[in-house]
Amino acid sequence: GQQVMQIPQYQHVQEGEDFTTYCNSSTTLSNIQWYKQRPGGHPVFLIQLVKSGEVKKQKRLTFQFGEAKKNSSLHITATQTTDVGTYFCAGRRGDYKLSFGAGTTVTVRA
Amino acid sequence: GAVVSQHPSRVICKSGTSVKIECRSLDFQATTMFWYRQFPKQSLMLMATSNEGSKATYEQGVEKDKFLINHASLTLSTLTVTSAHPEDSSFYICSASATMENEQFFGPGTRLTVL
Numbered sequence: 030g031q032q033v034m035q036i037p038q039y040q041h042v043q044e045g046e047d048f049t050t051y052c053n054s055s056t057t058l059s060n061i062q063w064y065k066q067r068p069g070g071h072p073v074f075l076i077q078l079v080k081s082g083e084v085k086k087q088k089r090l091t092f093q094f095g096e097a098k099k100n101s102s103l104h105i106t107a108t109q110t111t112d113v114g115t116y117f118c119a120g121r122r123g124d125y126k127l128s129f130g131a132g133t134t135v136t137v138r139a
Numbered sequence: 032g033a034v035v036s037q038h039p040s041r042v043i044c045k046s047g048t049s050v051k052i053e054c055r056s057l058d059f060q061a062t063t064m065f066w067y068r069q070f071p072k073q074s075l076m077l078m079a080t081s082n083e084g085s086k087a088t089y090e091q092g093v094e095k096d097k098f099l100i101n102h103a104s105l106t107l108s109t110l111t112v113t114s115a116h117p118e119d120s121s122f123y124i125c126s127a128s129a130t131m132e133n134e135q136f137f138g139p140g141t142r143l144t145v146l
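Chains A and B, in that order, are what the protein sequence lines are.
Numbering follows the working numbering, with no gaps: position 104 of the first sequence is 133.
Numbering follows the working numbering, with no gaps: position 34 of the second sequence is 65.
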């Protein structure tokens, strides 16, 4: 079954507003990755977090990895229409496999 | 990032036929390739992991005789859906990685429809 929980499943955002999507794992992760999948497209790698408490930024996107390495978040500021898509977190345990969260599908109203 | 191609992008077949999907890493050597299945509006479910030159490792519940995987070279892995049935209709996505621990680069996916 799914070992990485992701919420919310859907996020409808007013253009210009901020939002956050959260991932939680029942077990400690060695690292966590984030992907974005545009409608009709395939997942595209965004970033990987490895260290406890790590924070990384990509322009308007801020990624965090929890101190216990069991949770992660993606915060997007000043949402734009180009942010539309589904954001997946994917956690890696001790082995090489990635467990994908259910994804947060983001829609933006202008 | 690296480029991974998949062929075909779409396929419609009759029930009982077999379908082969190719996954190629175009600009790097992929020691490991992963095959995922994605149902509409759902997440990616790992089906199997293939390493070049060795047998694929299948996830629990995935029939290895139904989903045949071959990883004959460092740039090509194939997934054959044998005796396809309507319930096999799905979006199949491969990803490639230089090593097991590296980031995965996803192919564009193959939409399979079995009539």
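Read the hints as simulated data drawn from the structure, not as lab findings.
Predicted model, so just to flag it, every value in this text is computed and none were measured.
Cβ atoms here follow ideal geometry from the backbone N, Cα and C, with glycine treated the same way.
Possibly wrong hints are sitting among the right ones.
[Said to hold, decoys possible] Ranges of calculated distance between the beta carbons of each label pair, as one might list FRET restraints:
(1) Pro37/A x Cys44/B: 33 to 39 angstroms
(2) Thr110/A x Pro139/B: 21 to 27 angstroms
(3) Asp47/A x Pro71/B: 24 to 30 angstroms
(4) Ser114/B x Ser55/A: 33 to 39 angstroms
(5) Leu99/B x Ala107/A: 34 to 40 angstroms
(6) Met34/A x Lys45/B: 22 to 28 angstroms
(7) Met34/A x Ser120/B: 44 to 50 angstroms
We went through each hint and held it up to the structure:
1. Pro37/A x Cys44/B: 33 to 39 angstroms: 37 angstroms, holds
2. Thr110/A x Pro139/B: 21 to 27 angstroms: 22 angstroms, holds
3. Asp47/A x Pro71/B: 24 to 30 angstroms: Holds - the Cβ-Cβ distance for Asp47/A and Pro71/B, about 29 angstroms, lies within 24 to 30 angstroms.
4. Ser114/B x Ser55/A: 33 to 39 angstroms: 36 angstroms, holds
5. Leu99/B x Ala107/A: 34 to 40 angstroms: The hinted range 34 to 40 angstroms is violated for Leu99/B and Ala107/A, with Cβ atoms some 48 angstroms apart.
6. Met34/A x Lys45/B: 22 to 28 angstroms: 39 angstroms, violated
7. Met34/A x Ser120/B: 44 to 50 angstroms: 27 angstroms, violated
In summary, the structure is inconsistent with hints 5, 6, 7 from the numbered list given earlier, while agreeing with the others.
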